[in-house]
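Make the full structure from the sequences, and use the hints.
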Amino acid sequence: MKVEQISIFIENKSGRLAEITRILGETGINIRALSLADTSDFGILRLIVNDVEKAKAVLKEKGFTVSKTEVVAVEVPDQPGGLSTILQALDKDGINVEYMYAFVERCGGNAVIIFRFDETDKAIAALSSNNFTILAGERLYSL
Amino acid sequence: MTSYFNEEFETLPRAALEALQLKRLQNTVARVYANVPFYRQCFDAVGIRPEDIKTLADLKRLPFTTKQNMRDSYPYSLFAAPMEEIVRIHASSGTTGKPTVVGYTQKDIDNWSELMARSFVTAGVHKGDIIHNAYGYGLFTGGLGAHYGAEKLGASVIPISGGNTKRQIMIMQDFGSTVLTCTPSYSLYLAEEASTEGVDIKSSRLRVGIFGAEPWSEAMRSEIEANLGLDAIDIYGLSEIMGPGVAIECINEKHGLHIWEDHFIPEIINPETGEPVAEGDKGELVITTITKQGIPLIRYRTRDITSISYAPCSCGRTHARIARMSGRSDDMLIIRGVNVFPSQIESILVRIEGVEPHYLLIVDRKDNLDTLLVEVEVDERIFSDEIKILQSLSHRIEKEIKDMLGVTCTVKLVEPKTIQRSEGKAVRVKDNRKL
Numbered sequence: 279m280k281v282e283q284i285s286i287f288i289e290n291k292s293g294r295l296a297e298i299t300r301i302l303g304e305t306g307i308n309i310r311a312l313s314l315a316d317t318s319d320f321g322i323l324r325l326i327v328n329d330v331e332k333a334k335a336v337l338k339e340k341g342f343t344v345s346k347t348e349v350v351a352v353e354v355p356d357q358p359g360g361l362s363t364i365l366q367a368l369d370k371d372g373i374n375v376e377y378m379y380a381f382v383e384r385c386g387g388n389a390v391i392i393f394r395f396d397e398t399d400k401a402i403a404a405l406s407s408n409n410f411t412i413l414a415g416e417r418l419y420s421l
Numbered sequence: 032m033t034s035y036f037n038e039e040f041e042t043l044p045r046a047a048l049e050a051l052q053l054k055r056l057q058n059t060v061a062r063v064y065a066n067v068p069f070y071r072q073c074f075d076a077v078g079i080r081p082e083d084i085k086t087l088a089d090l091k092r093l094p095f096t097t098k099q100n101m102r103d104s105y106p107y108s109l110f111a112a113p114m115e116e117i118v119r120i121h122a123s124s125g126t127t128g129k130p131t132v133v134g135y136t137q138k139d140i141d142n143w144s145e146l147m148a149r150s151f152v153t154a155g156v157h158k159g160d161i162i163h164n165a166y167g168y169g170l171f172t173g174g175l176g177a178h179y180g181a182e183k184l185g186a187s188v189i190p191i192s193g194g195n196t197k198r199q200i201m202i203m204q205d206f207g208s209t210v211l212t213c214t215p216s217y218s219l220y221l222a223e224e225a226s227t228e229g230v231d232i233k234s235s236r237l238r239v240g241i242f243g244a245e246p247w248s249e250a251m252r253s254e255i256e257a258n259l260g261l262d263a264i265d266i267y268g269l270s271e272i273m274g275p276g277v278a279i280e281c282i283n284e285k286h287g288l289h290i291w292e293d294h295f296i297p298e299i300i301n302p303e304t305g306e307p308v309a310e311g312d313k314g315e316l317v318i319t320t321i322t323k324q325g326i327p328l329i330r331y332r333t334r335d336i337t338s339i340s341y342a343p344c345s346c347g348r349t350h351a352r353i354a355r356m357s358g359r360s361d362d363m364l365i366i367r368g369v370n371v372f373p374s375q376i377e378s379i380l381v382r383i384e385g386v387e388p389h390y391l392l393i394v395d396r397k398d399n400l401d402t403l404l405v406e407v408e409v410d411e412r413i414f415s416d417e418i419k420i421l422q423s424l425s426h427r428i429e430k431e432i433k434d435m436l437g438v439t440c441t442v443k444l445v446e447p448k449t450i451q452r453s454e455g456k457a458v459r460v461k462d463n464r465k466l
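Heads up: the sequence lines are chains A and B, in that order. Okay, so the first sequence: first residue is 279 according to my numbering, each after it adds one. Okay, so the second sequence: first residue is 32 according to my numbering, each after it adds one.
By construction, these hints were calculated from the structure, which means they are not laboratory data. Treat the hints loosely; a few may be bogus.
[Claimed, not checked] Subject to a maximum C-alpha distance of 25 Å in a straight line, what follows is the list of computed BS3-like cross-link-like pairs (lysine-lysine):
#, chain 1, residue 1, chain 2, residue 2
1, B, K433, A, K332
2, A, K338, B, K419
3, A, K400, B, K419
4, A, K340, B, K443
5, B, K397, B, K433
6, A, K291, B, K233
7, A, K291, B, K54
8, A, K346, B, K448
[To be verified] Just a sample of chain B residues kept apart from chain A, beta carbon distances all over 12 Å, derived:
#, residue
9, S123
10, P307
11, E408
12, V409
[Unchecked claim] Chain B is faced by these chain A residues, among others (derived, beta-carbon under 8 Å):
#, residue
13, E282
14, S285
15, F287
16, I288
17, D319
18, F320
19, R324
20, F342
21, I373
22, E376
The beta carbon of each residue, even a glycine, is placed where N, CA and C say it ideally should be.
Here's what the structure looks like:
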């Protein structure tokens, strides 16, 4: 039920993002979704890619600090209030969203949102019991 | 007309001064041999007994004392007086989290007060002056050292200590301060803050500034004198030896700091070989205390680089002059008057789980205040994909450094392998200050 995301530490200096995307491109890795969080000094680039292990290995080899994080991909009805129903269900169970971002592709008629929760398993249980559709990694990478 | 605080001793002819030094040296060597196991072992190891010290030249046969020896003796093992006689304890920041501790008997405090009073007079301060003492009060020797000297002299001392600059400016004006004692960089900061507040500090009653506890330069002296409208005097001291007032420039010449030779014997050595250098040549200052009771030190390696001159001075004082400190023979940094060794930062970093000791200290001076930036590499063990976790790590390092060393810094997380590795000794410090 969980999806593997890779996170990369980048200093706020020019060319770092370009360097990462160049390395991944040359290795034939496709970026499926991304989010960039930044502060004045550094940023964290979070990626969903089609080959997690290969992406992690090649970036590490180039000297980047890379980590793997488990996130959850949830189908969200692509209509007003769609995201809100999910967040309300999570809030009822006291689950915190650390961060979230949208997936590039749609899944059928639905949008896909990537969530990072403080308690991943509890969040999956809450979402399942509320009949939200959680996408498995293989499904997501091939969208 | 030169004023003196203790004319007899300040102008003692060299022959009499040296005879006094020898007598006091002999007493000190006998005292530490009898009371301090460390010294007894050191002297025994080289086969020297106190009675072997027959001339001042025999001093060179004695082993050096280092800061490491003081650390190893933490806290009291180098004291040569029983605790019942110790009336004051000071300490300076240490390299492994433990400070370097010094103890003073009442006689030591009296001598220190006298030397600091002499230093004030040498700088052109007299009874009736109002001394704005902005050195920090506390374990650091600066505040209390200057304070006791000011009282001994009979001047009016304002124990303002450090911080709260706006209030300092108000008090300085309202109280009619005539003398300022603080670090040289703080004096410039004060002047700048005053001008922001619309206060013309040059038209204040300030006449003399006595600045020390950090390295400065002739260029900075000109800037301070121009910005504050006072005579800027360089003072030297270190807690291991006493505190402020070990040496000071005379206002007559402002050229070299008279070191009070009736209490200290200075030597200048080649830091590599330990051998003396010729008069006037640069080397490391080594000091032997010859009147201290609490913690007398034999041939203490100050790590400060200077030169010495025995040429007579127009002020009439017969005590030798050491040149303005031009650097260190070790990697100690002085940041806003606080002594910081890179190894101290390193020991703080390695205690934080997962932090690699790959770091770079970047010291700069912005708006006349020293800044310390600590770059720390982020490897997988500390990396988190959540911003707040990385930020709290930075804050934790900043806080630990502040708590342990008393110096405010900014931590910057950088990508791995971006801090330059060099063959052999790593480059840990970039000091961008232009003094």
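### Query
Does F342 (chain A) pass the interface check with chain B, least Cβ-Cβ distance below 8 Å?
Interface hint status for F342 (chain A): holds (7 Å vs cutoff 8 Å).
### Task
Below or equal to 25 Å on CA atoms is what counts here, so check K433 (chain B) against K332 (chain A).
Violated, at about 42 Å.
### When the least beta-carbon distance from E282 (chain A) to chain B is tested against 8 Å, hint result
For E282 (chain A), the interface hint is violated, since the closest Cβ of chain B sits about 12 Å away, which is over 8 Å.
#### Entry: Pair hint outcome, K397 (chain B) versus K433 (chain B) [Cα-Cα no greater than 25 Å]
holds, 19 Å
### Message
Between the alpha carbons of K291 (chain A) and K233 (chain B), is the straight-line distance 25 Å or under?
### Response
violated, 44 Å
### Status of the F287 (chain A) interface restraint (C-beta, 8 Å, chain B)
holds, 5 Å
### Query
Does the CB of I373 (chain A) sit less than 8 Å away from some CB of chain B?
Check failed: Cβ of I373 (chain A) comes no nearer than 15 Å to chain B, outside 8 Å.
### Task
Hey, is P307 (chain B) genuinely clear of chain A, shortest beta carbon separation above 12 Å?
Label holds. Min Cβ-Cβ 49 Å, cutoff 12 Å.
#### Entry: Whether E408 (chain B) stays farther than 12 Å from all C-beta atoms of chain A, as the label says
violated, 8 Å
### Task
Quickly compare the C-alpha distance for K400 (chain A) and K419 (chain B) to 25 Å and report which way the hint goes.
holds, 22 Å
### Query
When the nearest CB of chain B is found for F320 (chain A), is that gap smaller than 8 Å?
holds, 5 Å
### Task
With chain B as the partner, please determine if E376 (chain A) meets the hint condition of a C-beta pair closer than 8 Å.
Cβ of E376 (chain A) sits 6 Å from chain B, so the hint holds.
Hints 1, 6, 7, 11, 12, 13, 21 from the earlier list are contradicted by this structure; the remaining hints agree with it.
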